[in-house]
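Colleague: Protein chains in written order, with UniProt numbering: chain A, 1 to 336; chain B, 1 to 336.
Read the hints as simulated data drawn from the structure, not as lab findings. Quick reminder that beta carbons are idealized off the backbone N, C-alpha and C, glycines included. Take these hints with a grain of salt, some might be off.
[What the hints assert, rightly or not] Between beta-carbon pairs, the in silico distance windows are:
(1) A:K203 - B:G317: 41 to 49 Å
(2) B:A12 - A:N103: 38 to 46 Å
(3) A:A257 - B:D277: 48 to 56 Å
(4) B:D290 - A:G101: 43 to 51 Å
(5) B:G75 - A:A257: 53 to 61 Å
[To be verified] Cross-link-like lysine to aspartate or glutamate pairs, in silico, EDC-like; alpha carbons within 20 Å at most:
(6) A:K265 - A:E172
(7) B:K145 - A:D138
(8) A:K145 - B:E133
(9) A:K145 - B:E35
(10) B:K247 - B:E169
(11) B:K145 - B:E169
(12) B:K247 - B:D277
(13) A:K247 - A:E137
(14) A:K265 - A:E169
(15) B:K265 - B:E169
(16) A:K145 - B:D138
(17) A:K247 - A:E206
(18) B:K20 - B:D72
(19) B:K275 - B:D261
(20) A:K145 - A:E172
(21) B:K145 - A:E137
(22) A:K247 - A:D278
(23) B:K57 - B:D277
(24) A:K145 - B:D277
(25) A:K265 - A:D279
(26) B:K145 - A:E35
(27) B:K145 - A:E172
(28) B:K203 - B:E133
Now for the letters of each chain:
2 protein chains.
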Amino acid sequence: MATIIPFRRDHAPSLDPMIKLVAADMNQVNSVILERMQSDVPLIPELAGHLIAGRGKRMRPMLTLACAHLLDYGGARHHKLAACVEFIHTATLLHDDVVDGSNLRRGRRTANLIWGNAASVLVGDFLFSRSFELMVEDGSLRVLKILSGASSIIAQGEVDQLTAQRRIETGEAHYLRIIDAKTAALFAAACRIAAVVAERDAKTEEALDSYGRNLGIAFQLVDDAIDYASDDATMGKDAGDDFRDGKITLPVILAYARGSDADRKFWRDAIEIGKNDDDQLAHATRLLRDSGALADTLARARHYGQLAIDALAGIGGGTARAALVEAVEFAVARTF
Amino acid sequence: MATIIPFRRDHAPSLDPMIKLVAADMNQVNSVILERMQSDVPLIPELAGHLIAGRGKRMRPMLTLACAHLLDYGGARHHKLAACVEFIHTATLLHDDVVDGSNLRRGRRTANLIWGNAASVLVGDFLFSRSFELMVEDGSLRVLKILSGASSIIAQGEVDQLTAQRRIETGEAHYLRIIDAKTAALFAAACRIAAVVAERDAKTEEALDSYGRNLGIAFQLVDDAIDYASDDATMGKDAGDDFRDGKITLPVILAYARGSDADRKFWRDAIEIGKNDDDQLAHATRLLRDSGALADTLARARHYGQLAIDALAGIGGGTARAALVEAVEFAVARTF
Numbered sequence: 001m002a003t004i005i006p007f008r009r010d011h012a013p014s015l016d017p018m019i020k021l022v023a024a025d026m027n028q029v030n031s032v033i034l035e036r037m038q039s040d041v042p043l044i045p046e047l048a049g050h051l052i053a054g055r056g057k058r059m060r061p062m063l064t065l066a067c068a069h070l071l072d073y074g075g076a077r078h079h080k081l082a083a084c085v086e087f088i089h090t091a092t093l094l095h096d097d098v099v100d101g102s103n104l105r106r107g108r109r110t111a112n113l114i115w116g117n118a119a120s121v122l123v124g125d126f127l128f129s130r131s132f133e134l135m136v137e138d139g140s141l142r143v144l145k146i147l148s149g150a151s152s153i154i155a156q157g158e159v160d161q162l163t164a165q166r167r168i169e170t171g172e173a174h175y176l177r178i179i180d181a182k183t184a185a186l187f188a189a190a191c192r193i194a195a196v197v198a199e200r201d202a203k204t205e206e207a208l209d210s211y212g213r214n215l216g217i218a219f220q221l222v223d224d225a226i227d228y229a230s231d232d233a234t235m236g237k238d239a240g241d242d243f244r245d246g247k248i249t250l251p252v253i254l255a256y257a258r259g260s261d262a263d264r265k266f267w268r269d270a271i272e273i274g275k276n277d278d279d280q281l282a283h284a285t286r287l288l289r290d291s292g293a294l295a296d297t298l299a300r301a302r303h304y305g306q307l308a309i310d311a312l313a314g315i316g317g318g319t320a321r322a323a324l325v326e327a328v329e330f331a332v333a334r335t336f
Numbered sequence: 001m002a003t004i005i006p007f008r009r010d011h012a013p014s015l016d017p018m019i020k021l022v023a024a025d026m027n028q029v030n031s032v033i034l035e036r037m038q039s040d041v042p043l044i045p046e047l048a049g050h051l052i053a054g055r056g057k058r059m060r061p062m063l064t065l066a067c068a069h070l071l072d073y074g075g076a077r078h079h080k081l082a083a084c085v086e087f088i089h090t091a092t093l094l095h096d097d098v099v100d101g102s103n104l105r106r107g108r109r110t111a112n113l114i115w116g117n118a119a120s121v122l123v124g125d126f127l128f129s130r131s132f133e134l135m136v137e138d139g140s141l142r143v144l145k146i147l148s149g150a151s152s153i154i155a156q157g158e159v160d161q162l163t164a165q166r167r168i169e170t171g172e173a174h175y176l177r178i179i180d181a182k183t184a185a186l187f188a189a190a191c192r193i194a195a196v197v198a199e200r201d202a203k204t205e206e207a208l209d210s211y212g213r214n215l216g217i218a219f220q221l222v223d224d225a226i227d228y229a230s231d232d233a234t235m236g237k238d239a240g241d242d243f244r245d246g247k248i249t250l251p252v253i254l255a256y257a258r259g260s261d262a263d264r265k266f267w268r269d270a271i272e273i274g275k276n277d278d279d280q281l282a283h284a285t286r287l288l289r290d291s292g293a294l295a296d297t298l299a300r301a302r303h304y305g306q307l308a309i310d311a312l313a314g315i316g317g318g319t320a321r322a323a324l325v326e327a328v329e330f331a332v333a334r335t336f
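I would like the entire structure built from these sequences, with the hints used as guidance.
Modeller: Set out below in structure tokens:
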């Protein structure tokens, strides 16, 4: 049984308030990104630009900017640091697509498909290094600690996920550790650094970390559900990719746990042996719906979304807070 | 005509004096490395340990330690920072082997061959992140600037090399820029940070940077020659790898520049089209010898070696200086 937490609003939740809130700052961030992805080696801006100029929502840098707004930060340090966050994210996307052998990202062909795996690995390394150069220019050891720690956690989460791949026995708790590391850690850090530049206390840092972390988990869980419940055009990447990659995600974990012996054999064959053609994907999607696994993955997402919203209690207010709350509602209500 | 700079010594130059000089410190560095390559994700220490516990010379961290000796540094900060340098180096090796599809490194099967490309990419990312975490613990923004700058330069050099691959028209000047970035920048940074922890002036920093940079270039040029002039057992990696990968190195650049029309056609076919079977490798090696390209690559290496030695003029003395000088002589005289 899914627990439905109703959000009260007279229109569908949207990212627009947050986009509007940070629009002027985001122009500055985009300038930093464009300027600092340059290199005398032409392939670097060419490849990086393909992904960076693509249809990304800039979700993570937007969070840094919105959290800075929430705290009435009046300086400009967050522009460079938001660019750092986006560079780290872009580097992980480049490496992820190599690791997964993906062909489509944000509705466009992936960089590894166009320029090859080698170029994607090396340009990812460049963006990652460049991100640290930007942090050093900012000069805050506290920010460096937060973002280097997050980077290390992300890499460990990615390896953990790789290890869990094709292992149907991976449980929900283990899976939550994986997404906490590979996805939520950067959301948390993106929000937390806003408290550092605004020179707020540890309690505020913790609250923004918690907001970002829970939003990140919710975001990932919805992504996991969308992978089984969308079409390519809507989601901008290949639907069923997780299934074909033998990737363990929460929908599969729930359906496997709840399944009959025959269902469990189907999931083992699909995930561990790789019986994952289009018919098997269709069957998987049916099982995910019939078992309530998809609906309950979304219910879990709403649970984390509510934690994110409650983490903001007592911090700031006004349009910034409303935008941050609506961003959560949007994340858990994305249509598919 | 190769200019031979004779080194006067009654025995073959060796790394032993430097190894002996830093032995106690290196035990500390190895402890840091072993402790900080751990993770709750078992594949990380397993894969990282394969390469780190391998037969590497620990050349770069050894340089940090030896330079600290040269400056009579009495603290312990350089242990952690030398581990950073080795982590950055190990991360680039893991990614290099993926990029090149290498099967053999330091006489052992490569990590990408054993655990796959995905794991090598992600564990490389972990080591790179962990390196920055260690730097942040050390707390010097100056060191962070030097090593993040070096990392960014390395990545750009790697992409530049990838772009030059299979391009026979790459000239010597361009090639020198590539190896200055992909190899020498980390040698330079490894030496330079010793001056930072020892709190010496900019002139000393520059001198150690120059020592490391020129040693790095010499080191790379000798490696390039060895790739054509050794056997697998001696060099611990596959001889002829550069040739088969269509990699442009100085021996090829010189042989192509000096070759007859037939020779140049041979090189174009080999490097650009990939006519690089064993017979063609044997022919390439003959051309490299007959044109003096191998001998003159080594002469160039000795030139940079001499620059490295001269950079130490007026800095420190005693056994540390003698060990650093002999390390250069060893680098340019490695038997093959």
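Colleague: Look at each hint and say if it fits the structure.
Modeller: Now the hints, each set against the structure:
With their beta carbons about 55 Å apart, K203 (chain A) and G317 (chain B) fall outside the hinted range of 41 to 49 Å. Hint check: A12 (chain B) to N103 (chain A), Cβ distance near 54 Å, so the stated range 38 to 46 Å is violated. A hinted range of 48 to 56 Å holds for the C-beta pair A257 (chain A) and D277 (chain B), which are about 55 Å apart. The beta-carbon spacing between D290 (chain B) and G101 (chain A), approximately 45 Å, falls within the hinted interval of 43 to 51 Å.
Checked against the given bound of 53 to 61 Å, the beta carbons of G75 (chain B) and A257 (chain A), roughly 55 Å apart, stay inside it. For the hint linking K265 (chain A) to E172 (chain A), the alpha-carbon distance of about 19 Å falls within 20 Å, and the restraint holds. A C-alpha spacing of about 11 Å is found between K145 (chain B) and D138 (chain A), which places the hinted pair at or below 20 Å, so the restraint holds. Annotation: proposed proximity of K145 (chain A) to E133 (chain B) holds, straight-line Cα distance about 7 Å (limit 20 Å).
Taken as a hint, the K145 (chain A) and E35 (chain B) pair is honoured in the structure, with Cα atoms around 19 Å apart against an allowance of 20 Å. Restraint check for K247 (chain B) and E169 (chain B): satisfied, since their Cα atoms lie roughly 12 Å apart, inside the 20 Å limit. Proposed proximity of K145 (chain B) and E169 (chain B) is contradicted: the alpha carbons are some 35 Å apart, above 20 Å. For the hint pairing K247 (chain B) with D277 (chain B), the CA-to-CA distance comes to about 15 Å; that is within 20 Å, so the pair holds.
Taken as a hint, the K247 (chain A) and E137 (chain A) pair is broken in the structure, with Cα atoms around 39 Å apart against an allowance of 20 Å. A hinted pair counts as satisfied when its Cα atoms are at most 20 Å apart, and K265 (chain A) with E169 (chain A) qualifies at roughly 12 Å. This hinted pair checks out: K265 (chain B) and E169 (chain B) have alpha carbons roughly 12 Å apart, not beyond 20 Å. Between K145 (chain A) and D138 (chain B), the direct Cα distance comes to roughly 11 Å. Compliance with the 20 Å bound is thereby established for this hinted pair.
Between K247 (chain A) and E206 (chain A) the alpha-carbon distance is near 31 Å, which puts this suggested pair outside the 20 Å criterion. For the given pair, K20 (chain B) sits about 16 Å from D72 (chain B) by alpha-carbon distance, which is consistent with the 20 Å threshold. Pair hint K275 (chain B) plus D261 (chain B) holds up; C-alpha atoms about 17 Å apart against a cutoff of 20 Å. A hinted pair counts as satisfied when its Cα atoms are at most 20 Å apart, and K145 (chain A) with E172 (chain A) does not qualify at roughly 29 Å.
A distance of roughly 8 Å separates the Cα atoms of K145 (chain B) and E137 (chain A); the hinted pair therefore holds under the 20 Å criterion. With a C-alpha separation of about 16 Å, the suggested pairing of K247 (chain A) with D278 (chain A) holds against the 20 Å cut-off. A C-alpha spacing of about 31 Å is found between K57 (chain B) and D277 (chain B), which places the hinted pair above 20 Å, so the restraint is violated. The straight-line distance between the Cα atoms of K145 (chain A) and D277 (chain B) is roughly 50 Å, outside the 20 Å bound, and the hint therefore fails.
Between the alpha carbons of K265 (chain A) and D279 (chain A) the distance comes to roughly 16 Å, so the proposed pair stays at or under 20 Å and holds. A C-alpha spacing of about 19 Å is found between K145 (chain B) and E35 (chain A), which places the hinted pair at or below 20 Å, so the restraint holds. Distance check on the hinted pair: K145 (chain B) and E172 (chain A) sit about 41 Å apart at the alpha-carbon level, beyond 20 Å; violated. For the suggested pair K203 (chain B) and E133 (chain B), the alpha carbons sit about 28 Å apart, so the restraint of at most 20 Å is broken.
Violation of the numbered hints given earlier is confined to hints 1, 2, 11, 13, 17, 20, 23, 24, 27, 28; the remaining hints are satisfied by the structure.
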